[in-house]
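Q: Letter by letter, the chains look like this.
Number of protein chains: 2
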Amino acid sequence: MTTESLTQSQPATSHRQVSPTRLKILQVAAGLFAARGFSGVGVNEIGEATGLGRGALYYHISSKEDLLYDITTAYMSDLIAEGQSILESESDPTLRTQKLSRALMMAISEHLSEMTVCFRELHALTDERRRAVMSLHSDYQAIWSRSLSDGMAKGTFRPIPSTVLKGLLGMYFYSFLWLDPRGPQNAADIGDAFAEVVLRAVRA
Amino acid sequence: MTTESLTQSQPATSHRQVSPTRLKILQVAAGLFAARGFSGVGVNEIGEATGLGRGALYYHISSKEDLLYDITTAYMSDLIAEGQSILESESDPTLRTQKLSRALMMAISEHLSEMTVCFRELHALTDERRRAVMSLHSDYQAIWSRSLSDGMAKGTFRPIPSTVLKGLLGMYFYSFLWLDPRGPQNAADIGDAFAEVVLRAVRA
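Chains as they are written, first to last, in the working numbering: chain A, 1023 to 1226; chain B, 1023 to 1226.
It is possible that part of the hints are untrue.
Stated by the list, open to error - Pairs of lysine-lysine, DSSO-like flavour, derived with a Cα cap of 30 angstroms:
1) B:Lys-1188 - A:Lys-1188
2) A:Lys-1086 - A:Lys-1046
3) B:Lys-1046 - B:Lys-1086
4) B:Lys-1188 - B:Lys-1176
5) A:Lys-1176 - A:Lys-1188
6) A:Lys-1086 - B:Lys-1086
It should be emphasised that the hints constitute simulated quantities derived from the structure, not laboratory data.
Go ahead and model the full structure; you've got the sequences and the hints to work with.
A: Shown next, in the form of structure tokens:
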């Protein structure tokens, strides 16, 4: 993981450390949990839907709660890794905001089931794991925060309260409720439109 | 209700039509559902927590699902009525945006339990009722949309895509996840800061 320096809590499983089979299990389980709720879906059913069967499934997962935890952390870990990479490779504050914006909207569009599960079932996780999920969200926010501070240091951006940054990120995250990945406007276009909102909000 | 002209679907119960006892039941039940999930809370417990007991409780509610529906619609109906009133009483586009912004953040701050329940348990409602909740959200968005159109007609605002309006409203709604009503920044202040984001986004 490239985010070690940011992550204060235990790092969550990243897609990069996950086998293709496990990744498929996460996707299938996220789809089932999103459609019918965590408590409404049994391990047998996940075994059938993945084509693995219950026995082989247990070779890849240890419990349904582990699966829930990995679903709620894997996409966030990837998002953090991607954000970190944009932070390091793009130094222009405006272009960087545009790249972060696009990457975030595309990740949300690709992970609607995972986000639905995360928002709806977060309380089903143990306290410790819930804190780990929240910590990943803070790590992601820290990337935007550093990017905005950098833009301030360069005189491009103005200072904004942390609640405004939380609000701006909420604009993206809340979209999982209305975003239609097959809709007329694709995620990249929405990302560009949202980047414009952020840039207008932070421009000096 | 002052929102009849906007509401295309059946109007939901408004607080104005609700007795103080029923209002208390809604608040207590929302708190219990938010803390432990809809399925984790029994009618007996709601009866005890309200001090009414199971028998008297059933005098005020017909079922737990009815309660869930009223929790998810009552605060939205109030928000629509308040938004409609601001739309009618304030004609200056900038001042109106500031008033809508403040009213929305204050409503969110006052109804964190209701919003938690709404986002987490929406799938527990029947299809028809879920559509009614979604319809209330559209009605509320229509108020902002009319306010922005009016500002455009006056030359104060620029046209924005509907996804940007959805994003801007998401900035507010998503805050129920991080807002601390006892935090250093109160809801009115955050509403003012968010109004500034909206105004920067829409200013011609």
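Q: Decide if the proposed pair is consistent with the structure: A:Lys-1086 and A:Lys-1046, CA atoms, cutoff 30 angstroms inclusive.
A: 15 angstroms, holds
Q: Can the restraint linking B:Lys-1046 and B:Lys-1086 be considered satisfied, given a maximum Cα separation of 30 angstroms?
A: 15 angstroms, holds
Q: Check the hint pairing A:Lys-1086 with B:Lys-1086 against an upper bound of 30 angstroms on the C-alpha distance.
A: Measuring from Cα to Cα gives roughly 28 angstroms; hence the hint holds.
Q: Quick one, are B:Lys-1188 and A:Lys-1188 close enough, alpha carbons at most 30 angstroms?
A: 16 angstroms, holds
Q: Does A:Lys-1188 lie within 30 angstroms of A:Lys-1176 when you go C-alpha to C-alpha?
A: 22 angstroms, holds
Q: Are the Cα atoms of B:Lys-1188 and B:Lys-1176 separated by 30 angstroms or less?
A: Within the cut-off at roughly 22 angstroms; holds.
Going through the hint list in order, the structure satisfies each hint without exception.
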